[in-house]
Structure formats: C-alpha cells, structure tokens
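**Q** So the chains spell out like this:
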Amino acid sequence: MARNSSHTAGLRVQLPLLCLLFQAAIVILFSFFVRYNHETDSSLWHQSNHSIMDNDFYFRYPSFQDVHTMIFIGFGFLMTFLQRYGFSSIGFNFLLSAFSLQWSTLVQGFLHSFHEGKIYIGVESMINADFCTGAVLISFGAVLGKTSPVQLLLMSLLEVTLFGINEFILLNLLGVKDAGGSMTIHTFGAYFGLVLSRVLYRSQLDKSKHREGSVYHSDLFAMIGTIFLWIFWPSFNSAITHTGDGQHRTALNTYYSLGASTLSTFALSALLNREGKLDMVHIQNAALAGGVVVGTSAEMMITPFGALVAGFLAGTISTLGYKFLMPILESKFKVQDTCGVHNLHGMPGVLGALLGALVAALATHQTYGEGLEKIFPLVAKGHRSATSQAVYQLLGLFVTLVLASLGGGIGGLLLKLPCLSSPPDSQCYEDQIYWEVPLEHEDEVQGHLRSEDTETQA
Amino acid sequence: MARNSSHTAGLRVQLPLLCLLFQAAIVILFSFFVRYNHETDSSLWHQSNHSIMDNDFYFRYPSFQDVHTMIFIGFGFLMTFLQRYGFSSIGFNFLLSAFSLQWSTLVQGFLHSFHEGKIYIGVESMINADFCTGAVLISFGAVLGKTSPVQLLLMSLLEVTLFGINEFILLNLLGVKDAGGSMTIHTFGAYFGLVLSRVLYRSQLDKSKHREGSVYHSDLFAMIGTIFLWIFWPSFNSAITHTGDGQHRTALNTYYSLGASTLSTFALSALLNREGKLDMVHIQNAALAGGVVVGTSAEMMITPFGALVAGFLAGTISTLGYKFLMPILESKFKVQDTCGVHNLHGMPGVLGALLGALVAALATHQTYGEGLEKIFPLVAKGHRSATSQAVYQLLGLFVTLVLASLGGGIGGLLLKLPCLSSPPDSQCYEDQIYWEVPLEHEDEVQGHLRSEDTETQA
Amino acid sequence: MARNSSHTAGLRVQLPLLCLLFQAAIVILFSFFVRYNHETDSSLWHQSNHSIMDNDFYFRYPSFQDVHTMIFIGFGFLMTFLQRYGFSSIGFNFLLSAFSLQWSTLVQGFLHSFHEGKIYIGVESMINADFCTGAVLISFGAVLGKTSPVQLLLMSLLEVTLFGINEFILLNLLGVKDAGGSMTIHTFGAYFGLVLSRVLYRSQLDKSKHREGSVYHSDLFAMIGTIFLWIFWPSFNSAITHTGDGQHRTALNTYYSLGASTLSTFALSALLNREGKLDMVHIQNAALAGGVVVGTSAEMMITPFGALVAGFLAGTISTLGYKFLMPILESKFKVQDTCGVHNLHGMPGVLGALLGALVAALATHQTYGEGLEKIFPLVAKGHRSATSQAVYQLLGLFVTLVLASLGGGIGGLLLKLPCLSSPPDSQCYEDQIYWEVPLEHEDEVQGHLRSEDTETQA
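Residue numbers (UniProt numbering), protein chains in the order written: chain A, 1 to 458; chain B, 1 to 458; chain C, 1 to 458.
Next up, chain A with everything else stripped away, as it sits in the complex:
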C-alpha cells in the first residue's frame, strides 16, 4: 500500500512534470529555430512567380493525411486488442505520437534541414515527423502493457533522437534508399523495442497472464487499426518518393504486396491450427507484413510480379514467426514482445532491406531510363555501380541493427532508474492503474485483485 501510494504520487507528479517540461522545451526551441519554409511562408512564397501547382502541398498532403491516419488510428486501435488495456493503448499512442512528432521536427530539422541557424518546415517535414513517430509506436508495441506513460515518454525522447541520427547516417552519409522505411522505421523500431523489452524482462509476468488475451469486442476494435494500416500503406510508402511515376509505382507495388501477404497469412493461419481455425492475431498483424517488406523497394522497378512474391513471403514468415518463434523468443531469449513486433516489423523489415539491396544490385539504365537519376542518383551519375549501391544498402541495414540495439539497451537501463515506477507484475495490461475506468469494469477488476498477489515492483 505504501508503495502503491508512492506509485500514485509518481504518476501525479512525474507525468504532468514531464509533459510540461517537454512541451516547454519544445516551445522554446521552436521559437529560436523553427520557421516556415518557402512554400509555407506568406512572404517567401509570394516573392517569386509560381503556379499554385509548384506548391508541394498538393502532391504530398493527401498522402500525409493517410499516414497521419495510420499513426493515430492504425497503430492506436491495432493495440486495443488487449481486454483491459484499450484506454492505455489508444491513449498512450496518442500522447507519445503528439510528443514525438514535435520532438522529431526538431531532431530531423537539426540533422536534415538546418540552414543558417534555422529549421524550415512544411508538409514534407510533417510526413517525416509522422514517420519517426511510427518507429516509436513499433517499439511501444513491444513493451505494451508493462511500462508507465512516464517511461514511455522517456523512451520516445531517446528513440526519436537516435532515429534521427540513424536516418541521417543512412540517407545522407551512406546514400541509402529507404523511402518507405523498411530499415529506418520498421527494423529500427522493432529491434529498439525488442532489446528494450529484453532489458526490462519480467520473470513473474504470468501473474498478469489472464489479462494478456483479448475479448471478442477488443479484437474487433483492433481490426479498425489493422484495416486502416492496410488500406493506407500504399500512401505510407509513397508519401515521400519523387513525384510522378515514383509515387504512382510505389503505391501500386505496395497495393499488390499487401494483397499477397493477406492470402498467405490466411493460408498459414488455418494450416498451422490443429482444427484449421483462423487466429485473429495473425490476421490483425501478419497480413500487414506485405507493406513492411516493400518499404525499401516499392519505389524501385520491382515489377508487379516481384511485389506479389515479396508480399507472399512476408505474410508467410510473419505468421510462422507468431506461431513458432515468439514462444522461443520469450522462453530462450527472455524477450517479451506483447504485440509481436518482431514478426510484423522486425523480420519483414530485415527481409525488406535485403530485397532493397537485391533490387538495387539489378538496377540498370535500361530498366529505369532517365528515371534512374531519381531513384539511384549516385548510380546514374556514375559515382557508384549498382553493386556498390547494393553493398551500401546492406551497410545501412547493419548500421540500423547496431544503433537500434544500442539504443534499446540504453533505453532499457534508463527506464529501470529507481525513480521511475513501472506497473507491478500482477497489474500489467491493466488500464485501471493509469485511468479512471467506468465502474462496471472497475468492479470486475477489483474482484480479480482481491484474489491476487498484489506485490508492487519498483
């Protein structure tokens, strides 16, 4: 009880303090550094004689809104599958995203678009901020239900920063292509979260086992997330590819890859069940792997056939991962991966990076024509051979894995600081410790609590 009230005190003090502190810092940094770019600023835009169509807004904003929907509705509802953690899933998703998109504007701005002491922002930086937020939410999926909002905000602070650095190394220093983020978003977010979850390993987590599953309607809420992620993934991968054939081809490839991953997921899910029944966990997650796996290559000339094959493989390995690898990850490697992000983002992300390297190695002037300069500018200009581009792509994957693992490790140690309380083993996956929950539900929980060991963990 004493510990419980310190937990309460921690919540009441630390969460508001962190929110206000972070927001205040961001406000101050914005006032010094952040400015409208030439397409957003009234004075700058009207200095030259444009057609309205020169404003990138009209080529990017519809994609941005789809990405925005994926981040807040897609990821948010996907995680509401837990029977008693819906408020936290959608609520913390909301909080982390609202923070990360602001913080990421600064981090990415300092690294990518810092000119004469100022960061210039517009629709493309908004998309990039949302992308970075996506990586944070993937990591959130790995530790869902076992961390406090204070811990999660600190995780976001660190992860957004490292995401920016990793992205800078890949895109700016190594000249790697990764428009849909197989590496920068999915691989990075997944392994950051998995290593973090490893450091935070709880041997007594089965005390909350009865709450780890879903109920009927929570699975339907989760399907809202799944389907919105699925339908808008073509926009995600194409949001910052080059205009014209680039966005067009990227959207089309992603569309077909997702179709194929959905069929292979249904096939595998029924095949692996002893009664031939489908498993909602697979459908909610593995069917999306087709979007992840073409994150790097969808803007390239992978052909519609290639997109289908990639999606098919991704759905297959993802479903196999949920069935066979996930239990091993927990029992042997002590990684408790609540949402199975290793299966949805980790393995398909790595596969997507490898596929990107392969497709880069096959790039020729003949296949891409004059468009080669848009997709592989260094190859087009003769600074690199296609093979060498492929090697850089692999190097990008390696850097991502190293930085994500390091980051997750540091993050885990940070989150174990004694001043930060996390939910006790017996109260994981439980909204009630962070939210005012309507009575009907609270009653039910109280019943459970009486019959439980209510020991508290620092």
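Treat the hints as calculated values from the structure; they're not laboratory data.
Given the structure is predicted, the values throughout are model-derived calculations rather than measurements.
Hints should not be assumed to be uniformly reliable.
The list cannot tell twin chains apart, which means a pair is met if one copy fits it or any two copies do.
Okay, derived cross-link-like pairs now, DSSO-like style, lysine-lysine, Cα gap no bigger than 30 angstroms in a straight line [claimed, not checked]:
| # | residue 1 | residue 2 |
| --- | --- | --- |
| 1 | Lys334 | Lys416 |
| 2 | Lys207 | Lys277 |
| 3 | Lys416 | Lys277 |
| 4 | Lys118 | Lys374 |
Let chain A serve as the given structure and place chains B and C on it in line with the hints.
**A** Frame of chain A, contents of chains B and C only:
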C-alpha cells in the same frame, strides 16, 4: 462428430490449399502478363517530356483511397452487425477483397487493356479492381453467415470473371455509361448473390435464428461501416469519371442524393414502426441507397434537384423493401438475404439504371455543350441519337440481370459440390467454427451448443 | 402510460412528417434556385479553354472529404461515449447532418452566392455546408440525451439559418477573417447550444444520472471520434483558405497546435486527479482544443512557435474547464452541458477569436509580403489599418456571441412548445425510447426501469 472432424479437416486442408493455389496462379500470370503502364514505369514515363500533372495519379489517387476505405472498412464493418459473426464478417471481407483485387486485375486486364500480349496497370486499374471487389462483397452480403471461406473464395473466382465479362459487354460492346456502377456493380452483385442464396436455400435455418440478430455494440461497429460508405460514396461514383467538371459534378450529385435518402429513410423507418421507433437495420443500410441510385447518372446533368429526388426515392423504396419485401422474399421465393442486399443494392441499382436511361434520353447539345463528347461520345459524334443511347442503357440493364442470374445459379451449384462443407444449420452466423474465439465468448456459445441439435450438413 | 403512448404517437407522426416536409421543401427550393456552378456544369465548364487544374475540385476535394469524415464519423462517434445512447448519438448526428447540409446550401447560397436569381454550387459550397453542420452538431452536444429528434430537427432549422446570417455579417459586412471558424462555427455553435440548454434546464435530471456516464467500450467508440477529429483538423482549418501557401501554412499550424494541446491535456488531467489517473473525458475532448483555438489565426503568420503556445493554452483551459467550471455551470448557472461543449468549443473558440484579433493587429507588409492581399485584403489595399482590422475581428466575436445567445434563447422557447414532447427526466440518455434496441440491452434497461420513477415530462 465424425462429420464435424471432416469439417475440420476440410478447413485445415481446403482453405490453405485454395489460398496458396490461387496466389501461386496469380503470381505466375502476373509474371507473364502484367506490366507497369506508361505513368508507372520509370523508363516509359521519362521518355517523354511531361509535366508532373500529366500523371493521372494526382487526379485519381485520393478517390482511390476513399474507394479502398469503402471496400475494406465500409463493407467490412457494415457486416459486423451480427452478434457472433464479427470476426468472419470483417475477416472474410478482408480475404475475399485481397483475392478479388488481384484476380480482377487479370480478368479486367485481359478484357480491357490487353495490348501486344501485356496488361498495363496503374491507378485506374486499381480503382477498377476495387470496384469489381465491391460487387463480390455485395454478393457476400446475401449469403453472409451461411457459407464457408472456401465456398466464398470459389464464389469470388467465378464472380470476378463474370463481372469482367458483363462490364466488357456493357462498356465496350454496347457503349453503355455506368461510371458509378448502378448496373455493373450493384445490380450485378445483388442479383448474383440473391440467386446464389436461392440455390443454397436452407429450410432449417431457424435453428440459428437466435444468432441472426445484433447486440448493442455490434450495431455500433456496423455504423462505422455505414458512415464510411456514406461519406466516401461521392468519391466512389466520381473515381473514374472524366477529369474536370465530370468528377466535380458526380461528387456533388452523389452528396445531395445521399442527403435526401437519409431523410427519407429516417422518415419511413419511424413511420413503419408501430411505436414510432427507428430501426438500426434501415439506418445502416437504406440511408446508403442514395449513393447506389445515382451510380449511372451522377456524372450526367441530372441537376442538384434531380439528385435529391433520386435519393429520396431510393431511401424510400429501400426502407419499404426491408420492411415488407424481405420477409416475402424468404417465405415465397426462398431467398435468404442476410444483409438485405436486394433492398440496398438490387432495387436501387435497377432504379439507378432506369434513371440513367431516362437522363440519357434527355441529353442535348444545349445542356452538355462541348462536354457532351465526354459523357455521351457516340451521341456527340452523331453515331447514336439520345433515345438510342437510352435504349442501349436499358439493354445493358437486361444483360446485367441475365448474366448475374446465370452466374449466381452456376455459382450456387458449384458451392453445393459435395467436397465443400458449409456450416450446419444450427451453426450459421457463428464465428467459432472458423476462428479461435476468446474464451469469454466461447463459453457462452458452448452453453448454447449443449442445448441444440448439432446435426451437420454436408 | 397515457402520456407515454402520446409520446409514441408524437414520434410516429411528427418525426416522419418533419423529415418529409423538410425534404419536400428543400427539393422544391432546389428546383427553383440551385444550379451547378461554372466548374461543375458540363456546358459552362467547356465554354472556355481551361487546364483541368483550373478546376477547384482538385484543390478542395481532398480537404472536403476530411471535413466530411469529421462531421459524420468524428462528431458522431465522439458522442457515443454514453453507455446507452450510442444509437441516438451516431444516428441523430447522421440525421441532423444530412438535413443541415442541404438546408445550409440554400441559406448560405441565398446570402453568399445568389446571382441573377440562382444559387451556384460546387465543392466550396459543399465545404461551407459541412462547416455549418459542424456548428449544429456542437449545439447538439450541449443538449445530447435530453431532446427528441423532432426537437433537434427544429433546432437545426433555426440554427442553420442564424449561422448563415451571422457568417454573412462577419465575412461580408465586417470583413472579418475566420477561415477555420473559431467564431462562426465553434463560438456560435457552443453558445447557441448552451443558452438552449439553459432554457431547457431540468431540475430533476439526476433521475437519469446512472446513465450519464460511459462504459468501457463506449469510451473506446468515442475515441474513434476523437482521433478522426484530431487527425483531420488541419484539413478543416485549411479547407477554404486560399490555395498555395495559405492552405499549406494553415494545415501546418493546426498540426502543431493540436500536438501541444494534447500534451497539456494529459499533463493537466493527471495533475488534477487525486490519484494521478487520467480521465477519458479530458483526453476525448480537451486534446482537440488546439484545433479550435487556431481556427481564426491558423491561416495567418502566427509562426510555428505561436501555434504551439496557442494549443498549449487551449488544452490547459479546456481541461480546467471540464474539472472546475462545468460543475459550476450546472449548479450556479443551470446549464446542463452534456458533452462539455463550453470547454471544447466555447472557451477555446473565444480564445481563438481573441488570438485572431491579436495576430491581425500585428500584421505588416513585411511579414506577409505580397501575400497580405490574400489574408487581409482590406489592409493590403489600404482601406483599413491592421489595428482597425483587429477591432473588426473583436466586433465579429461580439456579434457572434449576441446572435448565438439570442438564437439559443429563441430555440429553447421553440423546443418547449407543448406539442413537442421531450424524453422524461427518468429516461434521458436512453436509446430505447427512440430506437428498436437488441434484446440483451433492453432486458437490462427494463430491470432499471422497474426500480425507477417513470413519470413522463411533456
């Protein structure tokens, strides 16, 4: 029990087999026949000197995303109204759509855009693939809860093929106009499904009567589907109309037609209830009839006034259909129409086709100006009179009804093949035979099962 | 019982009558007055030699679809938080919106775009019709659960009319800027609804107290509404701002303002709770205040820093309002504000109007460059000083408050007409009196009803 385990074996073998077989066949066919079109291919696009705005992507993709949302969220959630069939509704909707959009790319490609041995694809073919998927989902609505996923996949295989043929006859051979698919999508999908349902008639279906209704929250989930269909229908009807005034006018007409059908649905629903209470079935479905009824004519000069009148009539007949016609269809005609697709898609689709013919008959150079060539090219070029165009429109309706009925009949016989098991009469509208269902729900069902006749139907 | 059956009769007669009457009147008025504008009419559009990109459809329609989603999904689901009022929340939201958008087309048309006896419509008028609908739905939020659909339709009839007049005075007569509607939509809708709720004050409302709260899943449904409002608010504020930098800047400012209001809402919500727990009411509502507060100023050069500060303040005062002001409003001022629209739309709307005046006062040629003519045309042309523009902005706020209060008062008297029955005090927030409710739920309610005073109120 013996039969039950054969049912299980069927599921475990047939569903994966069919998914893998279909996907493999599609992959092979794509590798031989499907190529990026000139707006999607890097080399082709950069051969000529374009403005980015020449790429159709920017005129179609926002509409495509709305259509995509309607197919996967709209249709999917609309069917979750059943109390114990939410997983199947949203899940099979997902599976059938992911298959149909791929298969339809091939069928429509062979029929509409087969040049020198190749099918060329881009955003317009993606929209058309989604449109065809819409027809499949309408038919799915008629047999919802009474068919296995294996049966449904076979139905989709057949229906997509016939849809392509019907569409080819109407648009290419007869020169019929039907941009929003009153005939090709709604009438075709509805009567295909209704005849199919007739062939699969179950005299003992009342054994599952207690599961045929909704529960409070399942009706709210269904409203997610309803509202997304309603708000994005203007994009559906305008997605492939001609750019400029065509898309603009089509969206506007649909917007007002839907407004009017909503008001007439609320009016009729309260009027027809002895206590003046509203019925969720009407609101969820009949309010949408305004979108169906202007599917053919929304791109024409029906005037805003005409759009309102059309929508008003559609909402009225659809609600009357739910109240009076549906019971008769089951008792007299042995058509068990789970979602009432006859009321939402069948009658309003036919009405929409007739309206299209009427508006075509009234077309003049004066009303359309130079735009006549876009809407009625054969009339503009003097190859046809307006009256003759109207006759062709009616002929298109006739062909659609014949092909849909034939197709539904053949489909029904196919689905009755002895090797295909369908859910037993006592287990219709029940997720548990196809899905791992969370315990809380399963318990409840087991209780019911104990007190039921559990005879199995081949 | 006698009264109850008169209530039933009222429903069965009045609701259909009103729907049919309103729809018939609208159809007739449309036939006389409403025409396609030059971008929607086939003949007019093809008279001149355009590029397709001259059609405003491509600059406005994606924004329109986002606004449309906010109106029907956003507002609709936001109000489903009540445990037994989900059908009414989403259903009446649907009905009122479908009516208001038609009626508003006429009212706004007569006032804003009446040329030679005709109203010309297109995508911009559709957006404006949806905007007006937004104001009606805000007022609906104040009286949610305590009014019949007949009363609500009459309220909409009046409010749409007054909304049009107020908007005409502000935009056309006073030259006030308010693109995102801090004044015309949020302030107007909120104070209209609050005064209306004051006139309809029920001293015995605690008889329905047990139904006023949420249940676990109803709060999740409400979050669908919250998040869709949140993600698409940048489109709402930018939907009718000028093309190019205007839409771009408005969307960007709103994006950051919402981020900041979300962080301040989480901070305040935890801080104000004695156990440090978060309150779903705050998260669902106050987090959105950042969109309201920049409604007037988001198109101006408020800088990203300014957007953050505005959002931060709005989230703060909104959360404080829910915690401290709302109980006082009810106990002292007899305003029963079901959804707390005073906190989400009222105060942040007024704050947004003041902010708009402040930013207008600071406008200079230097900051806006040639763009000044787009944002403050009267200032750019020298007809007004910036200070004088600010005074007009304040005058606009004053007019809005007066007209909204007058309108709400008249509306309240209208809704108290003896021929209009409203739900009895003991049956507020209850779907069952207006809807056929699935049995499971009805049973539960019947239980409650037996133990209740079932007196009926005229």
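**Q** At most 30 angstroms between alpha carbons: which applies to lysine 416 and lysine 277, within, between, both or neither?
**A** between (40 angstroms within a copy, 22 angstroms between copies)
**Q** When Cα atoms must be at most 30 angstroms apart, do lysine 334 and lysine 416 count as within-copy, between-copy, both, or neither?
**A** within (16 angstroms within a copy, 50 angstroms between copies)
**Q** Within, between, both or neither: how does the pair lysine 207, lysine 277 come out at a Cα-Cα threshold of 30 angstroms?
**A** Both, since 28 angstroms and 23 angstroms are each at most 30 angstroms.
**Q** Measure nothing new, just compare the shortest in-copy and cross-copy C-alpha distances for lysine 118 and lysine 374 to 30 angstroms and report within, between, both or neither.
**A** Classified as both: same-chain Cα gap 27 angstroms, cross-chain 26 angstroms, threshold 30 angstroms.
The structure meets every hint from the earlier list without exception.
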